[in-house]
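K.L.:
Chains as they are written, first to last, in the numbering used here: chain A, 1 to 101; chain B, 1 to 101; chain C, 1 to 101.
Treat the hints loosely; a few may be bogus.
When chains are identical, the list treats them as one kind, so a pair holds in a single copy or across two.
Unchecked claim - In silico PhoX-like pairs for lysine-lysine, Cα to Cα no more than 25 Å straight-line: (1) Lys-97 x Lys-71; (2) Lys-36 x Lys-17; (3) Lys-17 x Lys-56; (4) Lys-97 x Lys-56; (5) Lys-71 x Lys-17.
These are computed hints drawn from the structure, not numbers from a lab.
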Amino acid sequence: MKVPLTKVSIISESLLKEEVIELIRKHGATGHTLTKVEGEGSEGRHASDWGGRNVKIETLVSSEVADAIMKDLSDEYFEDYSVIAWLVEVTVLRGDKFLKK
Amino acid sequence: MKVPLTKVSIISESLLKEEVIELIRKHGATGHTLTKVEGEGSEGRHASDWGGRNVKIETLVSSEVADAIMKDLSDEYFEDYSVIAWLVEVTVLRGDKFLKK
Amino acid sequence: MKVPLTKVSIISESLLKEEVIELIRKHGATGHTLTKVEGEGSEGRHASDWGGRNVKIETLVSSEVADAIMKDLSDEYFEDYSVIAWLVEVTVLRGDKFLKK
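Chain A with its partners taken away, still in its complex shape:
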């Protein structure tokens, strides 16, 4: 019933929301949660410089999918955008439905 999965958390500028959701879907993420957040990045930029609020996108996936998402995020956005992403190991109720078929 409980399945170990990886939660991918991505914080990006709101304007990248649809692109990032498309990216995680492409790798097999079957769902996601969006939270409006504000942030100040490691380069010291203030929230107000980001042209609005940021968004946190969370998805529960296998560790393989998580790694693929991280690689893709790094290749696509890390050079030019204020994207932060991290992984945490979680135990998910009925987690089997989150696994890529």
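Chain A is already provided as a structure; the job is to place chains B and C on it using the hints.
P.N.:
Chains B and C only, in chain A's frame:
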């Protein structure tokens, strides 16, 4: 001072908020945090189909209480509702106050 | 590319926001994310008693910085304020930029 605990995160339709809080309280959760979120579930439903925003409910409990909450959530909601729940191991400052007496 | 770090999550009354951000910065946190949340604490106080919404402050740091932040939070706020804080081990994409130089 720092105590290992389990964080239970539950995402549900907003209309289930009070019921879910009652459920976690029944098992001894002494506090919780609510965050408004939007989501798209594993069945591909869009946020707009959910009749409004969703809510993330988080609580810090012992692993035994976490398991009891997960079982109860599964029994009560998983058949008919878009409830997602996961556990993560955390270290809590003054975590002893979150343990069921 | 991926670096193990500690995510510090702090939930406090909104009025402490700037103080808490200053506290984490002092210890070398290079960024943070803010989320508006509501909560009921372990003393049973209701969100409405808190004089407004609460804030969740998250930052990614080394385990040493996390411990220093936790100690400082405990010393400064735990006696008189409804502050909750916990640590979780995460893997961060390009996490090296979050490490104190």
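K.L.:
For each hint, tell me whether it holds in the structure or not.
P.N.:
The hints, checked one at a time:
1. In this homomeric assembly, Lys-97 and Lys-71 come within 25 Å of each other (Cα to Cα) both inside a single copy, at 23 Å, and across copies, at 17 Å.
2. In the homo-oligomer, the alpha carbons of Lys-36 and Lys-17 lie at most 25 Å apart both inside one protomer (11 Å) and across protomers (17 Å), since each shortest distance falls under that limit.
3. When the C-alpha separation of Lys-17 and Lys-56 is checked against a cutoff of 25 Å, the pair qualifies both within a copy, at 9 Å, and between copies, at 19 Å.
4. For the identical chains of this complex, Lys-97 and Lys-56 are neighbours both inside a copy (22 Å) and across copies (19 Å), given an alpha-carbon limit of 25 Å.
5. Taking the shortest alpha-carbon separations for Lys-71 and Lys-17, only the intra-copy value of 18 Å comes in at or below 25 Å, while the best inter-copy value is 34 Å.
The structure is consistent with each of the numbered hints, conforming to all of them.
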